[in-house]
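**Q** When you get a sec, could you build the whole thing from the sequences and use the hints?
There are 2 protein chains.
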Amino acid sequence: MSVVVVGSIAFDSVKTPFGQCEQVLGGAANFFSLAASFFTDVKLVGVVGEDFPQNHLDVLRARGIDIAGVTRAPGKTFHWRGEYGFDLNEAKTLKTDLNVFSDFKPNLPVHYRDAETVFLANIDPELQLLVLDQIKSPRLVALDTMNFWIEGKNAALKKAIARVDMLFINDAEIRQLASESNVVKAARAIQKLGPKTIIVKRGEYGAVLFQGERMFYVPAYPLESLFDPTGAGDTFAGGFLGWLDSKGQHHFDDLKEAMTLGSVMASFTIEDFSFKRLEVLQHEEIEERCKTLQQATHSPNTVHLRRPSSS
Amino acid sequence: MSVVVVGSIAFDSVKTPFGQCEQVLGGAANFFSLAASFFTDVKLVGVVGEDFPQNHLDVLRARGIDIAGVTRAPGKTFHWRGEYGFDLNEAKTLKTDLNVFSDFKPNLPVHYRDAETVFLANIDPELQLLVLDQIKSPRLVALDTMNFWIEGKNAALKKAIARVDMLFINDAEIRQLASESNVVKAARAIQKLGPKTIIVKRGEYGAVLFQGERMFYVPAYPLESLFDPTGAGDTFAGGFLGWLDSKGQHHFDDLKEAMTLGSVMASFTIEDFSFKRLEVLQHEEIEERCKTLQQATHSPNTVHLRRPSSS
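If you read the protein sequences in the order shown, they are chains A and B.
Just so we're aligned, residue 1 is where the first sequence starts under the numbering used here, counting upward by one.
Just so we're aligned, residue 1 is where the second sequence starts under the numbering used here, counting upward by one.
Everything labelled a hint here was simulated from the structure, so no lab data went into it.
Accuracy of the hints is not assured; some may be wrong.
Same chains, same names: a pair is fine if it fits in one copy or spans any two.
As the list claims (entries may be wrong) - Here are the computed lysine to any residue pairs in the SDA-like style, where the Cα-Cα straight-line distance is at most 20 Å:
(1) K291 x D253
(2) K291 x N301
(3) K185 x G85
(4) K95 x E22
(5) K158 x S179
(6) K291 x H304
(7) K192 x L223
(8) K291 x F252
(9) K291 x R214
(10) K185 x D272
(11) K247 x P300
(12) K192 x S225
(13) K291 x L305
(14) K291 x V303
**A** This is how it looks when you write it as structure tokens:
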């Protein structure tokens, strides 16, 4: 089993009400890889600049992440600058320097092309299509996107979405993509474009999964101290797809477990800047939070109504 | 078993993106009573004006609701005018005419005073205190409030909150009440003021219950067609407390069931203006939605992590 992920590897400069950091390691594919590596083998595709630290590549390698697909190009690494208000639900992008990412053409190493699971992180949908063309016969392909591509490359995005099994998207974005304010209806509409499974990310309110007529809700793990939500969505996807890939089966109960793992993994990312918390994370902590989340959502009894004593 | 509820009985004029209505029946105590009447005996306390239709009082009576505590006063019934945007999460109040409500001094009929369960709906906390003084030895007292009282009658509100077991409040309000942006921390802070149990209402995202260190999440029931959220919170409380009163026990698993019932009952209110949907609601429909909601939240397996095959 293995997951191929393609997406950004970046430097982030982030300001939240709780602190700020300059030029720390970030990027969707980076967060995804670290999260998924707790459960399965990960093969990373991306590009970094000459300024990218070798010791971070060593950290990835030490976690068993295959970085044969990471190329180093002349110039600077992709840089994102953003900030969050108190509710931490929405990032405000202050600046995006694509740098080496602007000429990125993903070219998968031969041993990546047999991967069972593929995550097309939030990048230009034309690059997502390029990657899809290079994968032989994946069992599960998932895609993430954002408002920027919904507005700017709608046709290419819809073409990519039509070819995937699963879409990760936040609630504002799915409303925009479907031109429909009701999220349930929006999900049904997007399912008709191709992906059988839609996961709508809802920030501090967790996430909801749609598959056919079935749904599954997971709350965000309750944290008393949140620090920086950057990468939470990609960590969610990493936990989700890493878990699913490791199980090797995709029954609805497996998807439910994956939702729990996604939410739990995201909760660790939020507790500190960059990957700091993921880097010291232990398997026991993951299991503990899964247990807490299940207890906080599972109502064991079937409801049987009785008539009131008088009416 | 019975629940005493005190609060507004009103006419509402509401505009939503899906339609509008003028002078329809509303009011927190009204929504609460109708919802709770599906599960237990309800004793209603409130005031109406000379313009209040007798046939609505007949509807309440037909549902077994005791209206001995509803007085008719000279003048007009309380009137609320509000509107909602597309997300339906927050009402914008355009006009509030207190009318007969401005001189309301609740005086409970003698046979109300033995009630096991009490719901102090969102009214002036000084009136909530007045009602508390008249109840002999309730097993469970719950209170709802809003930003208007948090700002305008903070001391009286805190006095009332100190005397109740359970607080219903929305997420913006608990942040305001506790002066704390983190909802988990805010709930812990408010628990210290008195109520052991806090239910934070989160609009389209459902609700979360805090009791001691334990939590329980329920999503909003997924609806493809929402119409008018007016009364959803009070319907939630009616389903919740009506169910709990009918069970006569308050273990944590009972609270979990009550959360499900609250969410399900609220979903019916949202499907139409005023009480239209509640008036035709059948017990089978309630059970059906409880089942759907449990399936959409219950992940049956315990998560056991395996190490990745190579690392």
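**Q** For each hint, tell me whether it holds in the structure or not.
**A** Verification of the hints:
In this assembly of identical chains, the alpha carbons of K291 and D253 lie at most 20 Å apart whether taken from the same copy (16 Å) or from different copies (16 Å). In this assembly of identical chains, the alpha carbons of K291 and N301 lie at most 20 Å apart whether taken from the same copy (18 Å) or from different copies (10 Å). Proximity of K185 and G85 under a CA criterion of 20 Å is satisfied inter-copy only: 18 Å between copies versus 30 Å inside one chain copy. In this homomeric assembly, K95 and E22 come within 20 Å of each other (Cα to Cα) only inside a single copy, at 13 Å, whereas the closest approach across copies is 48 Å.
For the identical chains of this complex, K158 and S179 are intra-copy neighbours only, at 14 Å inside a copy versus 44 Å across copies, given an alpha-carbon limit of 20 Å. For a Cα distance limit of 20 Å, the shortest separation of K291 from H304 across copies, 10 Å, qualifies, whereas the shortest one inside one copy, 27 Å, does not. Taking the shortest Cα distances, K192 and L223 sit within 20 Å of each other only across copies (19 Å), while inside one copy they are farther apart (36 Å). Taking the shortest alpha-carbon separations for K291 and F252, both the intra-copy value of 19 Å and the inter-copy value of 17 Å come in at or below 20 Å.
For the identical chains of this complex, K291 and R214 are inter-copy neighbours only, at 12 Å across copies versus 23 Å inside a copy, given an alpha-carbon limit of 20 Å. Taking CA atoms no more than 20 Å apart as the test, K185 paired with D272 passes between copies only; the shortest distance there is 18 Å, against 35 Å inside one copy. In this homomeric assembly, K247 and P300 come within 20 Å of each other (Cα to Cα) only across copies, at 16 Å, whereas the closest approach inside a single copy is 26 Å. In the homo-oligomer, the alpha carbons of K192 and S225 lie at most 20 Å apart only across protomers (19 Å), although the nearest pairing inside one protomer, at 39 Å, exceeds that limit.
Proximity of K291 to L305 under the C-alpha cut-off of 20 Å is restricted to the inter-copy arrangement: shortest distance 12 Å between copies versus 29 Å within a copy. Proximity of K291 and V303 under a CA criterion of 20 Å is satisfied inter-copy only: 8 Å between copies versus 23 Å inside one chain copy.
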